[in-house]
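2 protein chains.
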Amino acid sequence: MDFDRFKITGDKKVSLKDYPTDYDGGLSEDDLKEAVKGVSKDIVELQEKLFAEKQQSLLIVLQAMDAAGKDSTIEKLTYSMNAQGCNVHSFKKPCKTELAHDFLWRIHAAAPAKGEINIFNRSHYEDVLIVKAHGWASDKTIEKRYQHINNFEELLSDSGTRVVKFMLNISPDYQLERFKRRLRRPEKHWKFNPADIEERKLWPQYMSAFEQVFEHCSSNAAPWYIVPAENRRFRDYMMASVVKAHLNDLSPKYPKPNFDADRYTADSLE
Amino acid sequence: MDFDRFKITGDKKVSLKDYPTDYDGGLSEDDLKEAVKGVSKDIVELQEKLFAEKQQSLLIVLQAMDAAGKDSTIEKLTYSMNAQGCNVHSFKKPCKTELAHDFLWRIHAAAPAKGEINIFNRSHYEDVLIVKAHGWASDKTIEKRYQHINNFEELLSDSGTRVVKFMLNISPDYQLERFKRRLRRPEKHWKFNPADIEERKLWPQYMSAFEQVFEHCSSNAAPWYIVPAENRRFRDYMMASVVKAHLNDLSPKYPKPNFDADRYTADSLE
Chain A
0 MDFDRFKITG DKKVSLKDYP TDYDGGLSED DLKEAVKGVS KDIVELQEKL
50 FAEKQQSLLI VLQAMDAAGK DSTIEKLTYS MNAQGCNVHS FKKPCKTELA
100 HDFLWRIHAA APAKGEINIF NRSHYEDVLI VKAHGWASDK TIEKRYQHIN
150 NFEELLSDSG TRVVKFMLNI SPDYQLERFK RRLRRPEKHW KFNPADIEER
200 KLWPQYMSAF EQVFEHCSSN AAPWYIVPAE NRRFRDYMMA SVVKAHLNDL
250 SPKYPKPNFD ADRYTADSLE
Chain B
0 MDFDRFKITG DKKVSLKDYP TDYDGGLSED DLKEAVKGVS KDIVELQEKL
50 FAEKQQSLLI VLQAMDAAGK DSTIEKLTYS MNAQGCNVHS FKKPCKTELA
100 HDFLWRIHAA APAKGEINIF NRSHYEDVLI VKAHGWASDK TIEKRYQHIN
150 NFEELLSDSG TRVVKFMLNI SPDYQLERFK RRLRRPEKHW KFNPADIEER
200 KLWPQYMSAF EQVFEHCSSN AAPWYIVPAE NRRFRDYMMA SVVKAHLNDL
250 SPKYPKPNFD ADRYTADSLE
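Sequence order for the protein chains is A and B. Under numbering that gives the first Met the number 0, the first residue of the first sequence carries the number 0, and numbering increases by one thereafter. Under numbering that gives the first Met the number 0, the first residue of the second sequence carries the number 0, and numbering increases by one thereafter.
Since the hints were made in silico from the structure, they are not lab data. It cannot be assumed that every hint is accurate.
Copies of one chain are not kept apart here, so a pair can be met inside one copy or by any two copies together.
As the list claims (entries may be wrong) - DSSO-like mimics (lysine-lysine), calculated; alpha carbons at most 27 angstroms apart, straight line:
no.: 1; residue 1: K139; residue 2: K12
no.: 2; residue 1: K252; residue 2: K75
no.: 3; residue 1: K75; residue 2: K40
no.: 4; residue 1: K255; residue 2: K179
no.: 5; residue 1: K48; residue 2: K187
no.: 6; residue 1: K36; residue 2: K75
no.: 7; residue 1: K6; residue 2: K113
no.: 8; residue 1: K75; residue 2: K48
no.: 9; residue 1: K190; residue 2: K91
Quick caveat: nothing in here was measured; it's all calculated off a predicted structure.
Please construct the entire structure, taking both the sequences and the accompanying hints into account.
Below, the structure written as structure tokens:
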């Protein structure tokens with residue numbers, strides 16, 4: 000399947016209402032479940048080569064409204080990955096030490112090393128999303144931040160890190176259903192925060208902030224994907240497929256042995 | 000199954016020759032494969048509670064001779080874990096910056112946060128294993144290090160981190176077979192290092208260094224387990240079972256909601 004219709008490379012204005020939140024790609028639940036298995040197997044192999052090669056890395060950025068399914072997306076995406084070589088960083092409200100530095104300081108520290116796949120659950124984009132939605136910074140500051148973000152991602156990209164960014168796209172109605180679901184299940188209460196109900200009121204401001212991000216912080220080297228996230232099977236299939244495509248494009252290879260393969264053979268060890 | 004016969008709590012001298020390297024616990028391959036599935040499911044649930052509770056953490060330390068299977072042990076153990084909340088740290092030969100600090104500096108920085116499970120692929124124990132086997136430090140320095148290690152692990156333990164240490168136990172013959180296997184398979188050449196052949200010659204010194212570690216750096220709060228690692232299915236079953244037992248013992252619980260559950264209900268959101 001071609002996911003280019005969900006890909007943003009910065010060449011045009013984006014209106015989120017043109018993007019579906021619930022989509023199955025014409026595939027049944029069972030088709031999607033099977034398809035993701037095949038893709039996952041390919042990812043396992045590509046990850047091992049990336050890890051062995053130790054020349055390139057992959058940074059996956061995940062942004063979404065509350066309850067859009069970030070945690071379960073990460074769980075499904077990493078299910079078949081080797082934990083050694085894959086790190087997940089969750090960025091919460093910055094602490095005092097973090098606030099005493101520029102907004103990219105804590106982000107840079109969590110960038111993947113060569114050979115690694117890192118996943119950001121929220122990211123530097125919070126500083127141009129929640130901050131913009133609430134009006135906590137001036138337009139001028141936000142515009143400067145777009146530029147800092149682009150420069151930072153270009154630095155990563157020039158250093159062998161592929162940056163791939165995903166927005167899990169849901170409707171306000173879907174979010175409300177998820178909140179209700181959390182309240183109905185006591186073992187999910189720990190995920191519910193009454194403040195999220197207040198935050199919902201800023202939905203239009205958030206969507207507008209996302210659209211600005213797509214317009215200002217997308218490129219071929221660091222694209223955004225707007226993932227229809229209400230159908231979780233399609234979401235998982237799309238996430239895995241796009242990640243696989245980018246790993247494929249990096250084309251990692253097992254490194255040449257750093258020893259004389261004629262001298263060291265299985266027989267030579269007898 | 001009871002794994003206490005493989006557990007070291009520091010109350011006695013340990014001779015590695017009393018511990019099997021190849022062991023199936025009287026179970027068939029298929030039995031072991033099925034058993035590990037059941038244990039993994041329990042770990043998934045326990046990990047979610049640990050993550051939600053955010054009061055305690057688990058540190059898994061893995062040490063072994065080359066080619067004992069550390070990487071594949073980690074792969075199997077983490078297969079069912081959620082990557083969010085599980086970090087693997089591999090400690091290589093220390094770099095200049097690391098050497099400019101005490102030997103526990105880089106280790107402490109990688110300790111798990113509350114709610115997390117961290118796995119160390121090699122660890123602070125290298126500083127009393129490889130260093131001792133090669134005679135790179137005096138006996139007095141090594142003995143001081145045992146004490147520093149115990150104090151450090153006590154600090155972690157007092158702060159809510161359960162420390163569980165595993166030595167993957169193999170024979171020199173098994174190691175040789177694994178080296179040969181790597182040389183026979185071009186896609187495994189990147190894992191072969193001719194220096195490992197030299198290192199083999201110090202096998203008795205390494206075994207003695209391990210025995211000293213077991214004697215000096217084991218306790219009920221931070222036990223060692225000597226894992227028979229040649230039968231990989233038994234190894235995986237034992238690793239998962241011991242990890243599950245310790246998680247069970249921590250008994251993590253979903254936290255109480257930090258909101259008024261009478262006020263916020265699914266109906267209240269209508």
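Inset, instruction - Sort out which numbered hints this structure fails and list those numbers smallest first. - result: Violated hints: none; all satisfied.
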